[in-house]
Amino acid sequence: MNEQIVSTENVHLYYGDFEALKGISMEFYDNQITALIGPSGCGKSTYLRLINRMNDLIPGVKITGKVNYDGKNVYDEGTDTVELRKKIGMVFQQPNPFPFSIYENVAYGLKIAGMKDKNKIDEIVERSLRKAAIWNEVKDKLDENALALSGGQQQRVCIARVLAIEPDVILLDEPTSALDPISSGKIERMLEELKKEYTIIIVTHNMQQASRISDRTAFFLDGNLIEVDDTRKIFTNPEKKETEDYISGRFG
Amino acid sequence: MTPKKADKIAVNVLYGLSGIIVLILASLLTYILVRGVPQFSIEFFTQPAKTFEVGGGIIIQLYNSFYLLLLTLLISTPVAMGAAIYLSVYAPQNSFTTFVRTAIEVLSSLPSIVVGLFGFLMFVVQFKLGFSILSGALALMIFNLPLLTRTIEDSLTAIPSSQREGGLALGLSKWETVTRIILPAAMPGIITGVILSAGRIFGEAAALIYTAGQSAPALDFTNWNPMSITSPLNIMRPAETLAVHIWKINSEGLMPDGPDVSAGASAVLILAVLSFNLLARYLGKKIQKKITSA
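Residue numbers (the working numbering), protein chains in the order written: chain E, 1 to 252; chain S, 1001 to 1294.
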C-alpha cells in the first residue's frame, strides 16, 4: 500500500471575491502519479500551486482549510516556505531555465543551500541529469548556456534542477503542453521512472497523457473536485456524469 | 483614396519626419566636429586653460568631468539600484508606490538649473560643502537618480516572472531570487542604463555652475594627498567641468582664442558622449549575447 504524503482538507481559495477553489479534500500517495484534469479555469493549476504555497506570491489571495505535509499544515504560521519548496519542487508549463550554463542550472539549488564539495555537486548534477533523461544529450556541453537547448531539453534540465535538491514531492504544471510530441514522450517515460522514488502530481490538459502515465486522476470543474479515483476507473467507468461528459469530449 | 495609396503616403511622411531628425543630428555633429577637431593638438589635451592668452588647453576640465562622473555614478548607482529593486520586486501596488513613481517622474522633469540652484542652497550653503566636486556630485545625483532608477526598474521588470517563480520554487528566498537570478539576468539592461546616464552627466552644465563651481584650480597630477587643494583626488576643491568651461568661455571668456577653445572642447564633449552611447550599445549587446547564447 502506498503511503499518504500530501493531503488537503476542505481547501478554499479566493482571488479577492472570486472563489477559485470550493472546498477541495483529497490525498496524494507515494510512488504514484496523480493527474489533475479539467477544462481551463477549473482551478486545477491553482490547486497545484497551493500545495507548495506558490499562490502566496499573488496579491489578494485568501486561503482557508488545511494542506497536510510531513505531519504539519503547510499554511501554519511557522512554516518556512523556503524549506517547504525545497521538499515540494515544481516544474512549470514554460521551461524556465536560468540564463546560466546547464551545469550551473542544476547545481544552483545546491550551491545556494551552501554545498561546497565540488565532487559531491558534480555527482549530484550527473545523477539528476540522468534521472531527468537528458544526461546523454548534454554530458559533453555542460558549460553551454541552458537557453541554447531546445524547449524539450530545457524542460528536462528544469526537472533535473528540481531533482538535484532531493524533494519528496514534484509538482508539474502542464509540463509538456509547450513541447512537441517526441519531447513530451520522453518526459512521460521519465516521469514513470521517477515515480519509483517520488510523489508526483501533474496538471495536464492532455487526457491521453493522464490516462497513459497516471495512477490516479482527479477531475476538476468550476473550482470543485468532481471525482478522484484510479485512473483506469475514471477513464472507463466514472461515477459522475460530468466526468464522463468531459473525458468523452462532450464539453471542455 | 485607396488604402494602399494612403499607406504609401503615411510611410513617406514618416520617412520624412525621421529624416528631419537624422538631418538635424547630422548637421549639428558635422558642424561641431568640423569646427572643433582642427583645434585638437597635444597642447590642447595636456595644458591647463589660460585666462588671457592664446593657446590654453582643457586637461583640468576634462579630468574634472571624468572625476565628477565617476563620483556621481558611485553615489547614484547604489541608491537607484536599491530603489529600483524595491519598486520592481517588493513594493505592493498601492497608492503610496504610485505616489513614489509619480515623484520620480516629476523629479526627472525638473530643469537642471533648478536642480543646480537647489544644490547650491542645500549642499554649498546649508551643508557648508562650498563649491566642490562633492556638491556637484550630489546635485548630479539628484539630476541622475530618477532616470537611472527608471531604467534599472524597467530592466528588472523585463525579466519574465517565470524566472522569479523558478527561483522561488527551487527554495530560494525572495532576496536570493533577486540577487542571484534577476539581477544577473537584468545586468545587460542595467549596464546600458548606467552608461547612457553617464552621457547625460558628462554633458551636464547647468546643475554644476552653482555647485561644482566655475573655477578650475591648477592641479598637480603627482600629488595624491586627497586633502591637498592641488590634488586631483581632492573632492572638496572647486572643479569646473568641460561643459561648464564651454558655457563660461562663451559667456565671459577673456582669452583671444575663446571661440576656438570652445569649439574644440565641444567636439571633445560630443565625442565622449557619443562613445558612451556606442559603448552602452556594444556592451549591452555583448552581455545579452553571452547570457542568452543566442
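None of these hints come from the bench; they were simulated from the model. Just to be clear, a hint being listed does not mean it is correct.
[Said to hold, decoys possible] Derived DSS-like pairs (lysine-lysine); straight-line CA-CA distance at most 25 Å:
1. E/Lys-141 <-> S/Lys-1286
2. E/Lys-62 <-> S/Lys-1286
3. E/Lys-141 <-> S/Lys-1285
[Stated by the list, open to error] Here are the computed distance ranges between Cβ atoms for each label pair:
4. E/Asp-80 <-> S/Thr-1222: 55 to 63 Å
5. E/Glu-126 <-> S/Phe-1221: 26 to 34 Å
6. S/Trp-1175 <-> E/Ser-150: 30 to 38 Å
7. E/Asp-215 <-> S/Ser-1108: 55 to 63 Å
8. S/Ser-1162 <-> E/Glu-193: 35 to 43 Å
9. S/Asp-1154 <-> E/Arg-212: 38 to 46 Å
10. S/Lys-1286 <-> E/Asp-215: 24 to 32 Å
11. E/Ser-150 <-> S/Asp-1154: 26 to 34 Å
C-beta atoms are modelled at their ideal positions from N, C-alpha and C, and glycine is treated no differently.
Consistency of the hints with the structure:
no., hint, verdict
1, E/Lys-141 <-> S/Lys-1286, "holds (21 Å)"
2, E/Lys-62 <-> S/Lys-1286, "violated (44 Å)"
3, E/Lys-141 <-> S/Lys-1285, "holds (24 Å)"
4, E/Asp-80 <-> S/Thr-1222: 55 to 63 Å, "holds (58 Å)"
5, E/Glu-126 <-> S/Phe-1221: 26 to 34 Å, "violated (56 Å)"
6, S/Trp-1175 <-> E/Ser-150: 30 to 38 Å, "holds (33 Å)"
7, E/Asp-215 <-> S/Ser-1108: 55 to 63 Å, "holds (59 Å)"
8, S/Ser-1162 <-> E/Glu-193: 35 to 43 Å, "violated (26 Å)"
9, S/Asp-1154 <-> E/Arg-212: 38 to 46 Å, "holds (44 Å)"
10, S/Lys-1286 <-> E/Asp-215: 24 to 32 Å, "violated (50 Å)"
11, E/Ser-150 <-> S/Asp-1154: 26 to 34 Å, "holds (30 Å)"
Checked against the numbered hints given earlier, the structure breaks hints 2, 5, 8, 10 and satisfies all the rest.
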